[in-house]
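S.K.: Sequence:
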Amino acid sequence: MSVYQTHTTDVLVIGAGLAGERTAIEAATHGLDVIILSLVPPRRSHSTAAQGGMQASLGNCAMGYGDNPDIHFEDTVKGSDWGCDQDVARLFANTAPIAVRQMAYWGVPWNRVVAGRKTLPDGREIEDLKEYEGLITARDFGGTAKWRTCYTSDGTGHTLQYTMDSIVIKMGITVHDRMEAIALIHDGENCYGAVARCLRTGQLHAYLARSTVIATGGYGRLYGVSTNAVINEGSGMFLALETGVVPLGNMEAVQFHPTGMVPVGILITEGARGDGGYLLDKNLHRFMPDYEPKKKELASRDVVSRRMIQHIRKGYGVESKWGPHLWLDIRHLGRKHIYTNLREIANICKNFAGIDPAKDLIPVRPTQHYSMGGVRTNIDGHAYGLKGLFAVGEAACWDLHGFNRLGGNSLAETIVAGMVVGKKVAEYTLGAALDCPLKLVDEHVKRQENRINDLISGRLGKENVYELRKQMEDTLMEYVGIFRNGPDLQKAVDKLQELYRRSLRLGLRSSGKYASPELASALRLPGMIRLALCIAYGALNRTESRGSHAREDYPYRDDVNWLKRTLAYWPPGAELPLLKYEPVKITELPPGDRGYGESSAANAARTETAHDKEGNNG
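Read in order, the letters of the sequence shown are residues 1 to 618 in full-length UniProt numbering.
Derived from the structure by calculation, the hints contain no laboratory data.
Here the structure is a predicted model, which is why all the values come from computation and not from measurement.
From the three backbone atoms N, C-alpha and C, an ideal C-beta is built for every residue, glycine too.
Be careful, since some hints might not be right.
[Said to hold, decoys possible] Using 20 angstroms as the maximum straight-line C-alpha spacing, the simulated SDA-like pairs for lysine to any residue come out as follows:
#	residue 1	residue 2
1	K513	R451
2	K296	D329
3	K118	R451
4	K513	I452
[What the hints assert, rightly or not] Each pair of labels, with its calculated beta carbon distance range:
#	residue 1	residue 2	range
5	D87	T174	29 to 37 angstroms
6	S511	P555	16 to 24 angstroms
7	F352	N190	41 to 49 angstroms
8	D360	Q497	43 to 51 angstroms
9	H332	W106	44 to 52 angstroms
10	K585	P555	37 to 45 angstroms
11	K118	L430	29 to 37 angstroms
12	E498	W106	19 to 27 angstroms
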């Protein structure tokens with residue numbers, strides 16, 4: 001019999017970021033006992049690093065007048081390049097205004113409307129009306145018809161997370177931090193909780209619950225350069241994938257943010273461009289209006305990132321020892337604005353690049369930022385394949401974002417999905433019983449003990465976890481980036497398969513006792529490479545371009561053949577994911593032109609013509 005500590009609760013939430021804590025709060029308001037597991041103290045979650053804002057159609061500021069959930073819904077669907085589920089997008093757009101006002105009630109100090117005339121950086125004059133003064137204001141973000149991104153300067157994630165965590169503390173919700181879930185406890189039909197490892201002591205724990213919620217964030221750190229925190233390694237996704245019955249949705253949909261600071265990759269918020277910042281090339285020419293005369297720097301993130309790389313390829317990048325980059329110019333916004341509304345990025349620029357953005361240009365380049373894919377769920381947040389398992393936030397494929405997420409919709413999703421899914425978790429839990437055989441728990445804990453012993457003893461091999469991880473990161477960066485093509489994607493799949501086989505023969509250099517960062521990394525790596533294979537193999541098989549998935553050998557969106565979502569399963573013993581597909585749900589807005597970027601209307605026409613020709617030839 002294995003030695004481990006057992007904890008029993010009604011709801012187990014894995015992850016203490018905004019989505020996890022909001023779900024926990026909602027479940028707790030229904031009288032349920034909740035335990036949250038977290039790698040770090042909740043206020044160190046990656047949600048805290050979000051800068052720009054949270055979209056909600058309040059219509060309080062001058063450039064937001066007339067906004068409503070219908071317009072927000074349309075922006076979200078167009079932004080997704082018609083890859084999202086529209087019933088989810090509708091629910092989200094309708095609920096976001098409620099969520100942002102609730103966060104104000106709980107204590108978030110949203111920036112507010114200041115009445116009067118203002119001149120925008122592009123010369124336009126606007127006037128905020130006296131009757132709206134003091135209400136929650138908004139800034140401009142890419143891909144939106146109205147200004148609706150509510151913000152607290154450029155520290156929105158910080159204020160949201162601290163406020164949310166204060167509610168968790170006030171409600172007495174239990175949080176076990178420095179605790180990492182390393183396996184789900186399940187019988188192939190029902191999820192009963194998770195096996196976790198204490199990152200302080202190395203001791204194993206079993207958490208048993210009537211409902212389990214994955215809220216572990218994204219997989220950014222699969223890539224060598226990312227805006228994500230070091231804890232964002234896709235852990236909840238690979239725990240679900242390892243069950244063999246829970247699929248991941250749209251893993252090939254990887255967002256690159258246009259402005260990661262070179263060379264560190266730290267995010268420079270879209271709010272800097274929303275407030276009027278420009279992108280410049282090596283000649284200090286503002287190039288985005290040449291490509292996108294209407295939206296300029298505020299087309300959707302997938303479009304701006306592609307335009308930046310296209311411009312660099314034409315030879316207009318600024319050469320540096322870290323490769324070519326472009327410039328972000330916010331100097332014209334003025335020192336007062338920068339050190340009030342963009343103060344966090346001013347500090348980041350000073351601390352990590354030694355520059356003052358009030359007088360210096362900021363070196364930027366598109367950088368891996370967000371995972372649209374994740375654990376596939378229905379509209380209630382219930383994961384496919386296992387009863388009692390839910391997923392929420394960036395770890396989930398709900399599917400709000402399709403193939404491209406609009407800026408500001410991720411913070412909004414964490415709160416909105418936490419409200420919606422949290423209620424569904426409570427409803428499910430109140431009608432469920434915890435009927436988990438102790439033998440099943442023992443088997444799952446024993447399996448993890450054996451994994452740990454194999455790594456410590458080196459019985460299966462002596463492969464180096466750090467070397468294999470570096471090769472995985474480099475493979476994704478080189479072959480599965482902003483622009484993709486068949487031969488490179490095949491190289492990625494072949495290399496990642498080799499790395500996966502080698503990852504099954506890891507052995508530690510250290511003792512593996514107690515905290516042991518090397519052991520923690522070795523336990524994660526096979527799962528991380530499985531995620532990398534889901535990304536690369538899904539991208540190889542999707543022979544079209546849609547949103548952030550840009551194939552140079554298939555440059556057009558293909559609604560005839562590819563208006564569907566990828567579902568990646570990992571059968572026991574497999575070396576590649578099993579890919580299946582499901583249709584995207586279109587309820588209100590049929591596929592059409594996004595209104596920016598490469599013309600999807602023209603692309604659709606070409607696809608239809610090609611499809612007709614193939615049919616005639618056949």
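S.K.: Cβ-Cβ distance between H332 and W106: within 44 to 52 angstroms?
M.R.: 36 angstroms, violated
S.K.: Lying within 29 to 37 angstroms: is that true of the beta-carbon distance D87 to T174?
M.R.: The hint (29 to 37 angstroms, Cβ to Cβ) holds, given that D87 and T174 are roughly 34 angstroms apart.
S.K.: Run the distance test for K118 versus R451: straight-line Cα separation, threshold 20 angstroms.
M.R.: 62 angstroms, violated
S.K.: Is 37 to 45 angstroms respected by the C-beta to C-beta distance linking K585 and P555?
M.R.: 26 angstroms, violated
S.K.: Is it true that the CA of K296 sits at most 20 angstroms from the CA of D329?
M.R.: Holds. K296 to D329 sits at ~14 angstroms (cutoff 20 angstroms).
S.K.: Is it true that F352 and N190 lie within 41 to 49 angstroms of each other by Cβ?
M.R.: The hint (41 to 49 angstroms, Cβ to Cβ) holds, given that F352 and N190 are roughly 47 angstroms apart.
S.K.: Does 43 to 51 angstroms hold as the CB distance between D360 and Q497, or does it fail?
M.R.: At roughly 45 angstroms between Cβ atoms, Q497 and D360 fall inside 43 to 51 angstroms, so the hint holds.
S.K.: Mind checking the hinted window 19 to 27 angstroms against the Cβ distance between E498 and W106?
M.R.: Because 50 angstroms falls outside the window, the suggested range is violated.
S.K.: If I claimed the Cβ atoms of S511 and P555 lie 16 to 24 angstroms apart, would that claim hold in this structure?
M.R.: 53 angstroms, violated
S.K.: Can the restraint linking K513 and R451 be considered satisfied, given a maximum Cα separation of 20 angstroms?
M.R.: Judged against 20 angstroms, a Cα distance of about 14 angstroms means the pair holds.
S.K.: Is 29 to 37 angstroms respected by the C-beta to C-beta distance linking K118 and L430?
M.R.: Cβ of K118 to Cβ of L430: about 51 angstroms, so the range 29 to 37 angstroms is violated.
S.K.: For K513 and I452, compute the direct alpha-carbon distance and say whether it is at most 20 angstroms.
M.R.: 10 angstroms, holds
Comparing the model with each numbered hint stated earlier shows that hints 3, 6, 9, 10, 11, 12 do not hold.
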